[in-house]
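FYI, our numbering numbers position 14 of the sequence shown as 893, with every residue one higher than the one before it.
Warning: the hint list may mix true and false statements.
Keeping only pairs whose Cα atoms sit at most 25 Å apart, straight-line, the calculated BS3-like set for lysine-lysine is [unchecked claim]:
{"id": "1", "residue 1": "Lys1462", "residue 2": "Lys1006"}
{"id": "2", "residue 1": "Lys1549", "residue 2": "Lys1504"}
{"id": "3", "residue 1": "Lys1014", "residue 2": "Lys1462"}
{"id": "4", "residue 1": "Lys1530", "residue 2": "Lys1039"}
{"id": "5", "residue 1": "Lys1282", "residue 2": "Lys1336"}
{"id": "6", "residue 1": "Lys1282", "residue 2": "Lys1339"}
{"id": "7", "residue 1": "Lys1366", "residue 2": "Lys1336"}
{"id": "8", "residue 1": "Lys1336", "residue 2": "Lys1325"}
Derived from the structure by calculation, the hints contain no laboratory data.
Computed from a prediction, not measured in an experiment: that's the story for all the values here.
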Amino acid sequence: MSSTTDEPLFLHDDDEEIKVDKPKGFWKILIVDDDQEIHAVTKMALADVVISEKPLQFLHAYSGSEALDRLSEHDDVAMILLDVVMETDDAGLRVAQDIREKLGNDEIRIVLRTGQPGYAPEENVVKAYDINDYKTKTELTRSRLLTTVFSAVRSYQQLKTINENRRGLRKIIHSASNLMERHSIVNFSEGVVTQIASLLGLNAEGIVGARAPHKDNEILVLGAAGHFANSIQKSLSTLNSEEIESAVRQCLNEKRHIQKEHATVFFIDGQEHQAAAYIETDRTVAEYDQELLEVFLANIAVGFENANLFEELRTAAYLDPLTGIPNRAEFTRQLQSISEKPCQETAIAVLDIDHFSDVNDGLGQDIGNLLLRSVALRLTEQLGNNVFVSRISADVFGITGPKSIVTPDNLSQLFILPFRAGEHYIPLQVTCGFTSAENTEQVNGKGLLKQVYIALKSAKTHSFERFDFYEPVMEQETQRRLELVRKLRSDFADRKLEVWYQPQVELESERIIGVEALLRWPQSDGSFISPAEFIPLAEYSGLIVDIGSWVIEESCRQIQTFDEQGLPNLRIAINVSVPQFRKRDFPELVEKQIEQSGISPERVELEITESILMEEPELVADILKRLKLQGVKVAIDDFGVGFSSLSYLQKLPLNRIKIDKTFVNNSAHKSGQIIIETIVDMAHRLGLEILAEGIEEPEQRDYFIGLDCSEGQGFYFAKPMPASELIKLLKEQKELTGTLRQSQRS
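Could you put together the complete structure from these sequences and hints?
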C-alpha cells in the first residue's frame, strides 16, 4: 500500500515490510491487541516510518496484563496502540488507568482502538487518563494511522523534553536551597549545565569546574552532564583536552565569560567562591541571551555560597537543611506512629504558603530562602513544644499536635504580621488542610498524609476561608465541577457570558491606545464566577475553543462599533489558550472573523503565555508565522513568570512583551528592578514593544517611563469594564482631549 492511499488499514494492506539499517535509536511503539493479524498489519503499515531521524521499534502484547508487563520492562515507550476490548470489555481502559495511576507514567501517549464502536470510553475517562485519540479499527486508514503516530510521538518527545528541563531546574532549586555536601554539589552542578543548555535550546553537554581547595593550580570538576559525566569529582586535566582546560582557566583568571568556536564558558561569581560552567555550543551565544542569563547566573552564585554556610546541618538525616526543622521523612514517621496509636485529640495539618513562587521570581531565591526560615521560626516558637512542625516540600509545612492548638484560627493568627526576609517585610497568606487522628481506620502514615493533602486541595479549590477539613465525601467535589461545566456550557449557549475591556494607555499622556478583552461570567444574583475558576474548567471540558472563538468575534465586532461611533483608533488584545492553538485552522478562523468585522488585522493582538510556548513549541511557531502573514500582532503575556527558552524568543514572530504585574509590584526594590531592566533591555534589543501590567501607583508609571517603556495597563488607569462604560469613557476623553485619568476625575 502506498502512503497516499486511504483504504481501511485493517482490511487491506499487502505491502512487504521495509528493512532499514540499524539506527542509533528508536521510537518504541507498543501494540496491544488480542488479534495476531492486527499486530502484523499495524507493523507492516508503519515499518518504514522515520520520525526525527529515528525509526519505530515495535513491542507486542496480547492482553492487558501482558501490556503492563511490557511497560514495566521498557520505561521509554513513546506510544501505545491499545485495543479496548480484549480479555474483558474494558481491559484497554483498565490498562490506561494503570499506566497513569499505578505506573505513574504521564509521558507515554495512548491511542485507543476498537472493532466495536459501542465500547467507546466516556469523555471524562478520556480526559482523566490523558488519552490522545480514539478510533474504530475500520475508520483507521493507513494515512490516518500515520498522522496519529506522528502526532503522538512528537507530543511524547515534547513532554519528555519539558520534563527533563523541569527535572534539571528542580535539581538546581533543591541544591541551592539545601545543604551542599559533596553529592549535593554534584547534583547542583549537573543541574547548572542542564538548565543553561536548556535556556539556550541546546543538549546538556558540559562541566562545572572550580579551583580545588588549597590547590590553586588544580581545577576540580564539581559536576557534569552528557559525555562528560564520568569526570565528576576529578581533576579537569583528566579530560585530556588542552582546549577545554585553557578555556576554563581563562574564564576563572579573567573573571568573565569566554566564547569559543564550539563552546561557551560562563563565569559564576560568588562573594567568596568562583566557578566556571563550560557548555558545548554549536553557535555564538547572542548578547541578549547572555544578558538574561546574568540573572540566572547570579542565583547560581548564591547557591555555591550556601554550600559552605550550612554544611553541618546535613549530619541529621531527618532535618530539613534549609530551616533546621524536621523534614518530610520525619513527618511521615510521625504520622505512622499516630496511625498505629490513634488519638482523637490529635490534629494533623499541612500549611501551604500562597503564591510563594512570586517571591522567588520577584525578589530572588535567596530572599525566598530567608522567608522560609522566618516562617519556620515563627511556627516553632509560637506553637510550642507540644506541637510538631516540619517542612515537607518547598513551601509546605506539616504540623501535628493537640486539637486545641492546631486549629485554623491559631494558624491564621500567626500570619497576620509580615515576615522579615533580609531587608524585606513580606506579608503572606496561607491555605491549610486538616485531618484528625481518628480518621486512621485502615490508614497508615502515608494514608494520613494523603488525607490532609486532599483537604488542602479542597481548600485551594473552593474554600473562601482558606482552610478545609478532610471528609470522605470530598469525592463529591468531582460532581460539583461537572455541574459547573454543565452550567458554563448552558450559559454560553444562552449568550450569558460577557466580554469586558481594560484600557491600555500611553504612559506619558495616559491616552487610551488599546484595550484587553477579558471574559466575565455573571450570575443571576449579580455576582461573578472568577475566571481563575471557570477558565480551567472550560479548558478541561474542551469548551474553551468555542468560547475563545466567540471572544475573538465579539472583540473584533466591538472595535468596529468604536470606529462607527468615531472613537479613537484602538487595538484589541485577546488572550488565546493552548487548546485553541491545537486547532490547525485557528489562523483561518482569526482571519475570517477579522474580515467579517471589517477592521485592519494590525489592530488585533493575540496574547499567549510562556506556558503555551513550552507545551507546544513547534505548533505555536507554525501558527504564529501564519498569523503574522495576515498582519495580526502577537504578545507574550505575563512575561518572566515561566521558564521559556531564550532560543524561542528569537525564532517567534513576536511584537510585544507584557511585563508581569509580579515584577511591577517589586519595581521599588533593587532586586525587582534588576529583573525588570534585564527584560526591558532584552526586548529593546529584539525590537519588541513593551507593556507593563498591573500598574497601581504613580511611582510605578514614572519608573517605567524612565526605562523607555511607553505603554502600561492597570488599576491606576482603569479597571476592566463593560463595553458601554468604555464607550462613555472614550467619548469623555475625546471631548476633553485630555488623559484617561482626567476623564475619570471630571
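To see whether the hints hold, each was checked on the structure:
1. Lys1462 / Lys1006: holds, 18 Å
2. Lys1549 / Lys1504: Violated: Lys1549 and Lys1504 sit about 37 Å apart, past 25 Å.
3. Lys1014 / Lys1462: This hinted pair holds, its Cα atoms lying about 19 Å apart.
4. Lys1530 / Lys1039: With Cα atoms ~21 Å apart, Lys1530 and Lys1039 stay inside 25 Å; holds.
5. Lys1282 / Lys1336: holds, 21 Å
6. Lys1282 / Lys1339: The given pair, whose Cα atoms are some 22 Å apart, holds under the 25 Å limit.
7. Lys1366 / Lys1336: With Cα atoms ~23 Å apart, Lys1366 and Lys1336 stay inside 25 Å; holds.
8. Lys1336 / Lys1325: holds, 16 Å
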